[in-house]
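Given only the sequences and the hints, what does the whole structure look like? Please build it.
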Amino acid sequence: MTLLVISILVILTAYFVNKYFLNFWTRHGFPQLNPKFLVGDAGSLLIAKIAIPDDYVEDLYQKTKHLKCVGAYNFYRPVLYVNDPEIIQNVLIRDFNNFHDRGIPIDEENDPLSGHLFSLEGQKWRDLRIKLSPTFTSGKMKNMFSIIQDCCKVLEEYVEKNVKNSKNSFDIKNLFGRYNTNVISSVAFGIENDCINDPNNLFYHFGMKVFQPSFKTTLLNLAFMIAPGLMKTFHIKLADDDVEKFFINTIRETVDYRERSNFKRNDFMNLLIQLKNQGYISADKNENTNELNVNQQNLKKISLNEISAQAFVFFLASLETSGSTMTFCLFEIAKNPSVQQKVQEEIDTLIQSGEDISYDSISKLKYLECCIDETLRKYMPVPILVRECIRDYKIPNTDLVIPKGTNVQIPMYALHRDPEIYDNPLEFKPERFLNSSNGGGKLKNGIFYAPFGDGPRNCIGMRMGKMMTKIGLFTLLSKYSFDVVDKKLLHTEIEFKINQFSVGPKDALNLRATKRFNIV
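Residue numbers for the sequence shown follow full-length UniProt numbering, so the first one is 1 and each next one is one higher.
Hint data in this document are derived by calculation from the structure and do not stem from the laboratory.
Treat the hints loosely; a few may be bogus.
Simulated crosslink set (SDA-like; lysine to any residue; CA at most 25 angstroms straight-line) [unchecked claim]:
| id | residue 1 | residue 2 |
| --- | --- | --- |
| 1 | Lys276 | Leu304 |
| 2 | Lys301 | Asp107 |
| 3 | Lys506 | Phe428 |
| 4 | Lys404 | Pro31 |
| 5 | Lys65 | Asp107 |
| 6 | Lys497 | Ser478 |
Here are the computed distance ranges between Cβ atoms for each label pair [what the hints assert, rightly or not]:
| id | residue 1 | residue 2 | range |
| --- | --- | --- | --- |
| 7 | Ala227 | Lys63 | 21 to 27 angstroms |
| 8 | Leu304 | Phe96 | 29 to 35 angstroms |
| 9 | Lys487 | Gly354 | 36 to 42 angstroms |
| 10 | Ser303 | Val484 | 43 to 49 angstroms |
| 11 | Glu253 | Lys404 | 40 to 46 angstroms |
| 12 | Phe37 | Arg265 | 39 to 45 angstroms |
| 13 | Phe96 | Lys142 | 29 to 35 angstroms |
| 14 | Val484 | Phe517 | 17 to 23 angstroms |
| 15 | Glu253 | Pro337 | 45 to 51 angstroms |
For clarity, every value in this text was computed on a predicted model and none was experimentally measured.
Here a beta-carbon is modelled for each residue, glycine too, at the ideal position from N, C-alpha and C.
This is the structure in structure tokens:
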């Protein structure tokens with residue numbers, strides 16, 4: 001009898017606790033979904049029925065897009081999804097001071113690689129953003145252009161060697177991952193690698209290890225969704241110890257060598273060393289100092305660990321997002337022969353003009369730029385923009401108040417694919433961007449195209465990422481034409497990988513390269 005009473009009490013307690021926590025949004029006046037016991041609205045993520053997070057986000061958006069915002073639950077953690085482009089604009093730009101953090105756990109003492117720009121909060125984020133902004137001016141991009149060109153030569157020679165040996169089918173997912181590793185290790189770490197020809201390269205190995213799906217990464221993803229604060233409490237690191245050791249030691253050795261030998265190079269590492277030694281980045285001769293827009297003389301110097309964290313996140317962000325964008329872009333170009341012809345005609349015109357291939361001349365390839373922008377629309381690298389509400393915020397023209405500490409998520413990937421915003425959203429159509437910076441969406445107000453985020457906390461490295469992609473595609477398409485090996489992919493959409501927080505192909509994407517002739 002006693003056991004029965006205890007069982008009933010436990011069941012009743014669980015019922016009322018569950019009912020209380022899973023009615024958080026109802027109590028605050030927001031519409032909410034139909035959360036389930038224990039898992040909330042995240043059941044499909046737990047059993048990996050759908051890709052994480054792109055299909056989940058798109059499915060949620062399609063069910064709720066008639067609502068300006070809707071409350072959901074990652075297990076028992078309340079999350080507010082914002083669907084309305086005007087409220088999105090408020091969150092990212094107009095009322096940015098209420099949403100300037102991302103709510104990502106940081107533990108610089110126990111996890112030194114966590115103290116990077118993407119995660120930092122408040123004034124510390126503002127100060128570091130100001131310090132790092134000059135690293136991505138057009139002048140600095142021009143200085144780094146030749147480094148990327150050298151990496152493109154390795155890529156071109158590899159493709160040429162294999163085509164000559166009748167090995168003309170390439171897994172571009174793998175190839176571009178290695179190309180981007182070459183670029184980032186050279187630009188960010190000042191180390192020239194050849195990941196393309198060396199399958200066992202350590203940079204590529206440790207970089208890919210962070211993104212490799214595993215039981216551990218699944219648990220990390222779930223921990224972040226349920227209670228991110230626990231990651232700091234229990235000293236849970238994003239990267240394994242061997243990954244952390246490799247990158248920190250590499251940075252330390254590089255900085256030590258450069259300072260001892262007074263070695264300087266036009267790369268990201270040189271700029272980080274300037275921040276370490278003088279607290280600001282020196283303007284180049286003839287550089288547009290308006291782009292710097294800051295009195296850097298008053299800024300504090302950064303530590304070696306801070307240098308390591310910035311180089312690490314720059315490496316990971318470029319490896320995953322630029323690699324995927326380049327992969328998807330060439331795949332779509334190969335899949336659409338008329339698009340490929342237009343891109344190559346534009347490239348041929350530039351080459352035949354006799355103009356030097358430079359940052360400025362590559363910038364003139366407007367149709368290729370449109371192809372990249374359309375790729376970023378269809379395959380947004382990071383499908384959810386995340387912000388944390390740092391104080392109670394009343395949504396304009398409503399009675400709704402977003403409580404302080406709320407995790408706010410913007411399903412931008414789903415907006416990019418909404419047929420009510422873009423006609424035939426799954427069609428790859430670069431012409432959308434010929435006369436429009438947002439792809440000619442049907443809405444007049446708000447933000448509905450933001451592949452790099454928007455506002456003061458947009459992606460600081462977007463200019464670098466697009467440049468890496470553009471030069472790589474230019475290099476290959478100037479010499480080769482491509483077609484899709486698996487013809488089934490001509491009529492189906494690419495399947496995305498599981499248990500990752502970025503969009504990427506699940507399987508290899510094989511393209512066949514054919515040497516172009518009769519070109520100047």
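Verification of the hints:
1. About 7 angstroms separates the Cα atoms of Lys276 and Leu304, which keeps this hinted pair within 25 angstroms; it holds.
2. The straight-line distance between the Cα atoms of Lys301 and Asp107 is roughly 20 angstroms, inside the 25 angstroms bound, and the hint therefore holds.
3. As the CA atoms of Lys506 and Phe428 are separated by approximately 20 angstroms, the hinted pair is consistent with the 25 angstroms bound.
4. Taking the CA atoms of Lys404 and Pro31, the gap is near 18 angstroms; set against the 25 angstroms cutoff, the hint holds.
5. Taking the CA atoms of Lys65 and Asp107, the gap is near 36 angstroms; set against the 25 angstroms cutoff, the hint is violated.
6. For the hint pairing Lys497 with Ser478, the CA-to-CA distance comes to about 31 angstroms; that exceeds 25 angstroms, so the pair is violated.
7. A C-beta distance of roughly 25 angstroms is found between Ala227 and Lys63, which places it inside the suggested range of 21 to 27 angstroms.
8. Distance hint check for Leu304 and Phe96: the Cβ-Cβ separation is about 31 angstroms, which falls inside the suggested range of 29 to 35 angstroms.
9. A hinted range of 36 to 42 angstroms holds for the C-beta pair Lys487 and Gly354, which are about 39 angstroms apart.
10. Checking the proposed 43 to 49 angstroms range against Ser303 and Val484 shows it holds: the Cβ atoms sit about 48 angstroms from each other.
11. The beta-carbon spacing between Glu253 and Lys404, approximately 44 angstroms, falls within the hinted interval of 40 to 46 angstroms.
12. The given range of 39 to 45 angstroms is broken by Phe37 and Arg265, whose C-beta atoms sit roughly 58 angstroms from each other.
13. Look at Phe96 against Lys142: about 30 angstroms separates their beta carbons, and that is inside 29 to 35 angstroms.
14. For Val484 and Phe517, the Cβ-Cβ distance of about 21 angstroms falls inside the hinted range of 17 to 23 angstroms, so the restraint holds.
15. Against the hinted window of 45 to 51 angstroms, the Cβ-Cβ separation of Glu253 and Pro337 comes to about 48 angstroms, which satisfies the hint.
Checked against the numbered hints given earlier, the structure breaks hints 5, 6, 12 and satisfies all the rest.
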